[in-house]
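Given the coordinates of chain R, work out where chain H should sit on it, guided by the hints.
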Amino acid sequence: MSASTTSGTGRHADAAVREPVLEIKNLSVDYGFGQDPTHVLRQVSLTLNRGEVLGLAGESGCGKSTLAYAATRLLPPPGLITGGEVVLTDRSGERRDILTMSDAQLRASRWQDVAIVFQGAMNSLNPVFRIGRQIADAIAAHTPGIRKKQALDRAAELLDMVGISPDRLSAFPHQLSGGMRQRVMIAMALALEPQVLIMDEPTTALDVVMQRQIVEQIAELRERLGFSVVFITHDVSLLIEIADRIAIMYAGEIVEDAAAQDVYRRPRHPYSRGLLRSFPPLRGPRRELTGIAGSPPDLRLLPTGCTFTPRCGFSTPECSRIHPELGPTAFAGAEPDRRVACILHGDVGTLPPELAER
Amino acid sequence: MSFFRRRIIFYLITAWAAVTINFLIPRLMPGDPVTALIARNQGRIDSDAEQSLRVLFGLDSNQSFLEQYIDYWGLLFRGDLGLSFTFFPTPVSDIVWQSLPWTVGLVGIATVIAFVLGTLVGTAIGWRRGTWADGLLPISTFFSAVPYFWLGLIAITVFAVQLGWFPSNGSYDRSLLPSFDLEFLGSVLYYGFLPALTVVLASIAGWILGMRNMMVTVSSEDYVTVAQAKGLPERKVMFGYAARNAILPQISSFALSLGFIVGGTLIMEMVFSYQGIGYVLYQAVNTHDYPLMQGVFLVITLSVLVANILADFVYAALDPRTRQEG
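Chains as they are written, first to last, in the working numbering: chain R, 1 to 358; chain H, 1 to 326.
Please keep in mind that the hints were generated in silico from the structure rather than gathered at the bench. Yeah, the Cβ is synthetic: ideal placement off N, Cα and C, and Gly gets one too. Fair warning: there could be bad hints in the mix.
Every beta carbon over 12 Å from chain R, so not counted as near; a handful from chain H, in silico [unchecked claim]: (1) Ile-25; (2) Leu-28; (3) Ala-39; (4) Leu-53; (5) Leu-197; (6) Ala-227; (7) Asn-245; (8) Leu-266; (9) Tyr-282; (10) Arg-323.
Covered by chain H, per the in silico footprint, the following chain R stretches (three or more residues, Cβ under 8 Å) [claimed, not checked]: (11) 66-77; (12) 94-101; (13) 334-347.
The following block holds chain H by itself, in its conformation from the complex:
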């Protein structure tokens, strides 16, 4: 149990450091968001409002740095990430909460599918080399080698424009009201299929390749030969002895890729005009929307941390050697 306690403490410290850096960076950046906001609104905001805007953004110059820091933590615990400049005066937390589920839902599911499928295919072709299945390797590598935006555009051209099977953009039928009924969910799946397919195609090669190579390495380990010599059923040798050990590095990569789900899908969301968090971040960067950027960064950082915690624990459950003390 001490293993888990030590990991938890480690992650608490990491989270504290991440939040603190997130607090510091905008304050170290040149330029002043309030002046930027007033400049963008070109006289529509009275210059008398400057001081109140500063208070609103937490840039109250009367407060000391430490007071600001403590206030920042207080706001954070209440889920208050400040107000967005771009979508003024919508709170950042609202924007994040609106876009996060779309990204997590779509890319999350696509990543899990790619991982499971890729690992299974990698297990099979790593176990039995020299069959027709080896041909999957160059094909999948091709899809991950072409630039993603191009793959997305080709998918839209072929399946949305030429064949008209899928919509080319958006995340659900705009004529429907978002609710948890079958029609709406069906629409979400329908709109999400093409983006998800391209994400799976683009990322599956890495999983296949990684698993295949580990299977090849592990297959020549003595314990696999011993398992064969014991006369265990082939399935048991393949999954219990070879794949069970080969999957360990895959788990680490999977955790890392979970972290990237939140932040790393900007191109997909742009190509498919999907209303995810990557797109929000893109807008925030374009418009110098510091509170929104800060909020998105915080969410990304925390999700990477959570993914790492999960991976650490899954890894510890799968590999007894990492549980050792000291």
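With the rest of the complex left out, here is chain R:
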């Protein structure tokens, strides 16, 4: 990713009215049906505003993808949603909880309201159908009475929109490169002009040049069509370029939620700071990369108190006793939109200077 070309493409939401489109409230997910299930998501709350790009970052296995699957009710067994709400506000202002919809309502709402681009560009397309048909069947499923020809014409338009020649409609997935397949997926995701586009590591399997093209394309399409994006990745430097807001996840919880530039310049949670220091900065002076010592905890045997304590450089004896809730930072008055889950933020006086940059 080059910093100069893409910076700022996604930063128009600040000006827009803060109107939530997707609100995840206290979402909890367990894996396993037995006596002792693993709590993979614990009380996760997150709000996506209209027109915003929300980045979701964290190490592997911290629950980013589980959050995306659970919020869309696509979680495969043995995943089980044990509580919470996912409230979707559609364009007319009507609010509905995705988790309590009937199967028929859910099917009607899917793709229409929330579309998803998955991690595996290679496997997201049915290998035995032509791509035109795969785009068209999504359109046909939500547009009763549409003729096949019309759906295919629309599919051709969509392909053109993502920079693929419409004559590739009759191509099979194996005849396309990885980057093209991911573009096809994006075209397919935008077929019904959804309000929310969830992208689960959409560029992970691609090389950096392709990554950049895809990311620029998403930014440009968002500008034009005005959908909101949840962008899931472990690549924080990529997020800082494209996201308006970033939520950092650790061990199935959100530990920090703030504007992208704030997270980048002034991380408030020790984990966010560690994560940022694991990537070379794209701008500014060189600094040493430190990484985070240790590895993510075993979700079956979580430490008591703050789950990050064993790896945290700032931990106090209190940390392993009290489980921190996501709340305002120590500078609550000055930064009303920031939330952090760290007990060190209880008092400005005790806050280490590294987490108190202003």
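Leaving out everything else, chain H in the frame of chain R:
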């Protein structure tokens, strides 16, 4: 189109090799069929007839090997497979043509039923795991695990002897003359029901198991999740996305099993005294009837080839990836 041309050429070469081996093997085998025939008839054939029998069987020793080979091809194209020793002097082709339709009809239909039914059941229980339907799996596996002859005998004991619902042997009512009228066809169906039922029972587990396992594998593929996320109707996801991909390996197995229909039903035909080609082959082997064996082998080989051709083309039609050049 070049894909089809290349496959056709491949199969022509295979067919040539099969026919040639079929020509060679009896000639490499120890013993002499003519002496064997004379010995079996114990003096009823004059030893002067030996030379004419040799000519009749195409074992004319004056002919060179190559001439015999060319003659063999010539006879083959005229549909002449020689004369059977056992049913002397009935031509082999007549015997094969009399028995082949019975086997193909009965076992063919039974195999198709088992495939269609098994694949549908496998699709359903692979898609929705953990319902009562999972119980079908051990039951059907039981039937395929018990030896077939035992299953056949139990079926005869229960349905033919105890209950008397079906005849215990034969392929049609012997008091009727074979013709294409309703009465005769009804009789064929009536006599064929029990053998067909046992064939279906014995083979359906493989289809259920194969399809169920592929459904389980394919269901976790990303494209199935994408299809769900697209909000497609459940039926469409299940059949168009999951089953459509899961069925591909089934098609290959089906083609292989089509080949076995002709040759592999000996036990069924023996248990039910059904007049199929398996039974003919059994008799031919027992009586060292080389021309008949050769004829049956040829038919089996060619039918396996034809089944493979069909499978290849069906597979190519279903899976675009196999159509790729190079």
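A quick look at each hint next to the structure:
1. With 12 Å as the threshold on Cβ separation, the claim that Ile-25(H) sits away from chain R holds: the shortest Cβ distance comes to roughly 42 Å.
2. No Cβ of chain R comes within 12 Å of the Cβ of Leu-28(H); the nearest lies about 46 Å off, and the non-interface call holds.
3. Chain R leaves Ala-39(H) outside its interface by the beta-carbon criterion, the shortest separation being 60 Å against a cut-off of 12 Å.
4. No Cβ of chain R approaches the Cβ of Leu-53(H) within 12 Å, the least distance being about 58 Å, so the stated non-interface status holds.
5. No Cβ of chain R approaches the Cβ of Leu-197(H) within 12 Å, the least distance being about 34 Å, so the stated non-interface status holds.
6. Remark: the non-interface label on Ala-227(H) conflicts with the geometry, its nearest Cβ contact in chain R lying 7 Å away (cut-off 12 Å).
7. Once the 12 Å rule is applied to beta carbons, Asn-245(H) is inconsistent with being away from chain R; the minimum gap is 6 Å.
8. Distance check for Leu-266(H) against chain R: the nearest CB is about 38 Å away, which clears 12 Å, and the non-interface claim stands.
9. With a minimum CB-CB distance of about 43 Å to chain R, Tyr-282(H) clears the 12 Å threshold, and the non-interface call stands.
10. Look at Arg-323(H): its CB is around 9 Å from the nearest CB on chain R, not clear of 12 Å, so calling it non-interface is violated.
11. For the stretch 66-77 of chain R, the stated coverage by chain H holds: 3 residues have a C-beta nearer than 8 Å to a C-beta of that chain, and at least 3 were required.
12. Look at the stretch 94-101 of chain R against chain H: 0 of its residues bring a Cβ nearer than 8 Å to a Cβ of that chain, fewer than three, so the hint is violated.
13. Figure legend: the stretch 334-347 of chain R, annotated as covered by chain H; annotation inconsistent (0 residues with Cβ-Cβ distances under 8 Å, at least 3 required).
Comparing the model with each earlier hint shows violations of hints 6, 7, 10, 12, 13; every other hint is respected.
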